[in-house]
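Chain by chain, the residues:
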Amino acid sequence: MNRFLEVVRRDLRLALRQGSDSVMVVTFFVLTVVLFPFGIGPEVNVLERVSAGVLMVTALLASMLSLDRLFQTDYEDGSLELLVLTPAPLSVVVAAKMLAHWLTTGLPLMVAAPVLAVLLHMQADGFTTLLAAMALGTPTLSLIGGIGAALVLGARRGGVLLSLLILPLYVPVLIFGVGAIDAAVQGMSARPHLLILAGILAAALALAPWTSAAALRQALE
Amino acid sequence: MVPAMSNRETSSFSATRLACIRGGRVVFAGLDFSLESGGALVLLGPNGSGKSSLLRVLAGLLRPAQGALAWNGAPLAEDPEAHAARTHYLGHHDAIKPVLTVAENLRFWAHLHDPHAERAGRAVEAALERFGLAHLSSIPGKMLSAGQKRRTNLARLLAAPSQLWLLDEPTTALDKASIKALEAVLAEHRAGGGMVILSTHADIDLPGAAQLHLDQFTTPLDDGLDDDLDGEGAAA
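Chains as they are written, first to last, in my numbering: chain E, 1 to 221; chain W, 1 to 236.
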């Protein structure tokens with residue numbers, strides 16, 4: 001547990017000092033969402049109809065932007081070899097890195113989402129559900145994305161390969177995230193959708209660190 | 001000042017009929033060695049003879065294609081975490097983060113190896129002192145020269161105690177004074193019951209060290225290794 005916190009602390013400190021990743025992710029999120037009213041016109045009912053989808057799709061793409069750097073810098077400077085040789089299960093170290101990734105990308109996205117929802121005229125009924133869907137969805141994105149980041153490690157043009165690998169796996173998060181918000185806006189219960197999102201998160205929590213650890217060992221051979 | 005060894009009684013580290021295949025080529029095969037507490041082993045051989053591969057196998061980063069490693073007679077594969085806890089591996093890269101200071105870089109690796117934070121804190125200072133880095137401790141990693149980075153990486157060996165040191169060309173980029181400091185550290189480590197396995201092209205003074213010439217282990221192949229090789233070739 002000490003080692004877990006040590007890795008989280010170090011990755012947060014690195015993100016804080018370098019600064020670029022979180023800022024880039026949130027900037028991408030905000031700018032892309034702001035473009036939509038220009039693209040599809042300012043009619044309130046149209047924007048309101050697409051708001052949930054736009055927010056979730058953009059958040060998903062933004063979260064993917066920083067993924068290829070999750071293990072890449074550690075791989076290049078030799079830190080990854082030492083992390084693998086840490087006297088703790090590699091999956092614990094990997095889980096710590098995924099948590100740090102979520103804290104530096106998923107959490108800022110969650111904070112920015114309600115502000116952008118106002119911009120897209122989302123009905124106020126959808127706001128809490130939006131936050132709940134983001135809270136359950138973005139950690140899943142970091143977890144599943146970590147598997148992809150570990151698999152493409154060392155490959156040239158890893159970014160393109162990463163999108164091909166990961167985007168299909170993100171689709172369930174997208175479907176149930178948008179489903180939850182739409183249900184809430186239409187006055188139905190969002191609970192079933194959120195429960196499925198929670199289920200996906202639980203499965204990813206159990207499987208992703210373990211799978212990524214195996215992929216990382218493979219990458220270092 | 002020798003870092004306190006957790007395990008004072010004699011230990012042994014041995015390899016039997018070790019083989020390694022890289023990219024469909026047998027790098028070495030039928031390699032045996034045995035090392036006792038206080039012992040040192042120098043890996044020699046031309047470029048590409050498998051010194052780095054052997055060190056990676058010994059650290060647990062690579063799986064041997066054949067053969068086994070044992071610590072005190074017990075196979076390593078049974079408990080990789082215990083092996084990681086008693087091993088320091090120093091590879092080609094220095095694993096220094098450019099935005100963290102020298103002390104922060106070192107403290108992270110020390111804490112990760114030895115979670116007893118307070119003890120590690122003191123050891124970090126002593127280790128920096130030892131390699132002449134004390135005045136650089138608050139300098140960010142990106143300002144360091146290649147030799148200073150290497151010294152920071154070497155200081156990692158002292159920052160958290162470990163019995164087995166696996167050093168891949170530790171003298172790269174070091175000046176003469178630092179090589180002397182490294183030799184003294186290695187001697188103290190061995191006097192305290194530690195083991196050292198290192199590869200080098202430079203002259204490094206290791207009294208009583210055994211030598212392993214890796215270019216002697218290219219042949220013959222053991223039975224069954226040919227099949228492994230075919231499988232690897234087909235997969236590649």
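Treat each hint with caution, since some may be false.
[To be verified] One side only, chain E facing chain W, incomplete, derived with CB under 10 Å:
(1) 48
(2) 49
(3) 53
(4) 57
(5) 69
(6) 81
(7) 85
(8) 88
(9) 156
(10) 157
(11) 163
[To be verified] Each pair of labels, with its calculated beta carbon distance range:
(12) W/129 - E/31: 47 to 53 Å
(13) W/201 - E/5: 38 to 44 Å
(14) E/214 - W/218: 27 to 33 Å
(15) E/76 - W/210: 52 to 58 Å
(16) W/125 - E/5: 18 to 24 Å
Keep in mind that the hints were calculated from the coordinates and are not lab data. Heads up, the beta-carbon is just placed ideally off N, CA and C, and yes, glycines get one too.
We went through each hint and held it up to the structure:
no.: 1; hint: 48; verdict: violated, 43 Å
no.: 2; hint: 49; verdict: violated, 44 Å
no.: 3; hint: 53; verdict: violated, 38 Å
no.: 4; hint: 57; verdict: violated, 33 Å
no.: 5; hint: 69; verdict: violated, 13 Å
no.: 6; hint: 81; verdict: holds, 6 Å
no.: 7; hint: 85; verdict: holds, 5 Å
no.: 8; hint: 88; verdict: holds, 7 Å
no.: 9; hint: 156; verdict: violated, 17 Å
no.: 10; hint: 157; verdict: violated, 20 Å
no.: 11; hint: 163; verdict: violated, 26 Å
no.: 12; hint: W/129 - E/31: 47 to 53 Å; verdict: holds, 50 Å
no.: 13; hint: W/201 - E/5: 38 to 44 Å; verdict: holds, 41 Å
no.: 14; hint: E/214 - W/218: 27 to 33 Å; verdict: holds, 31 Å
no.: 15; hint: E/76 - W/210: 52 to 58 Å; verdict: violated, 35 Å
no.: 16; hint: W/125 - E/5: 18 to 24 Å; verdict: holds, 22 Å
Of the numbered hints given earlier, the model fails hints 1, 2, 3, 4, 5, 9, 10, 11 and 15; all others are met.
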